[in-house]
Amino acid sequence: MQTIAAESKRAASVAKVVVVLLLFIALKAVGNLSLAWGMKHLPAGPEGPLFYLKAMFDPFVAMGIIALILAVLVRLALLSLADLSYVLPVTAIGYVIAAYLGKTFLHETVSGRRWLGTALIFIGAALVGSTTHSTTGDQAQ
Amino acid sequence: MIWTLVAVMVIATVLSDLLQSHEMKRAGEQSVHPHGLMRLARMIAERRRLILAIACLAVSFFSFMLLVQIAPLSFAVPASSASFVLETALAKLVLREHIGVRRAAGALIVLAGVVLVGG
Chain A
1 MQTIAAESKR
11 AASVAKVVVV
21 LLLFIALKAV
31 GNLSLAWGMK
41 HLPAGPEGPL
51 FYLKAMFDPF
61 VAMGIIALIL
71 AVLVRLALLS
81 LADLSYVLPV
91 TAIGYVIAAY
101 LGKTFLHETV
111 SGRRWLGTAL
121 IFIGAALVGS
131 TTHSTTGDQA
141 Q
Chain B
142 MIWTLVAVMV
152 IATVLSDLLQ
162 SHEMKRAGEQ
172 SVHPHGLMRL
182 ARMIAERRRL
192 ILAIACLAVS
202 FFSFMLLVQI
212 APLSFAVPAS
222 SASFVLETAL
232 AKLVLREHIG
242 VRRAAGALIV
252 LAGVVLVGG
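Sequence order for the protein chains is A and B. Everything in the first sequence is counted per the numbering used here, starting at 1 for the first residue and increasing by one. Everything in the second sequence is counted per the numbering used here, starting at 142 for the first residue and increasing by one.
Worth flagging that the hints you see were computed from the coordinates, not collected in a lab. Careful, some of the hints might be misleading.
Not everything, but these chain B residues come out facing chain A in the computed CB check (under 8 Å) [as the list claims (entries may be wrong)]:
#1 M165
#2 E170
#3 P175
#4 H176
#5 G177
#6 A182
#7 A186
#8 E187
#9 R189
#10 R190
#11 E228
#12 T229
#13 A232
Every value quoted in this text rests on a predicted model; they were computed, and no experiment measured them. Positions of the beta carbon are idealized from the N, C-alpha and C atoms, including for glycine.
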């Protein structure tokens, strides 16, 4: 019985990590895309501190900044649940999504070499994702 | 100048992540519900090490911004992934995380991928 209870607790803990992980990746992707879109479509003006200050009031830029701030908070929550050596490689999936979004929405070209890198990130992240997400003993489970 | 920026960026990133991981493991499990996020924001303001971590994050962000202005992105992205190796090693040495063969291999494959994506 005890092993079944421990097993279901572990499964719930894994599910929580996955949800927080997906939320982080989504916020980061949306934030970066919105920021990049906003910065690329700003009305032309003289570069300088004032230009960047005004850029922050562009709706896309502002939405991007808010999403990226939320992403920092969600990543903190993620680090409360999982090891740093787990979070780093697994969140690298973000590079894959950035490449895909850049190609789709910003019409950036993605070379064969870049897609190969993307595939490696996927494989490596999946491998790390299959390990126990928290290995430090002091964490209250 | 380029290598100074790379060094500043990597050191700031490593320091920021080690501080964040250490503090958050100590704080215990956090949630991402709206209340949880508010709590996290308050936590940053209340914990000195988290303030320092966010300051390091800002330093790392702005040095990356400066770097992409004087060096191509295809250099900046792989260069920034140097922090990845350092952080994984320090996660084991300083944070006492258990890094088995599978996690180490996965991390190396991801690193190779990041370098390819940047190039």
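Legend entry - Hints violated by the structure (listed by number, smallest first): Violated hints: 3, 4, 7, 8, 9, 10; rest satisfied.
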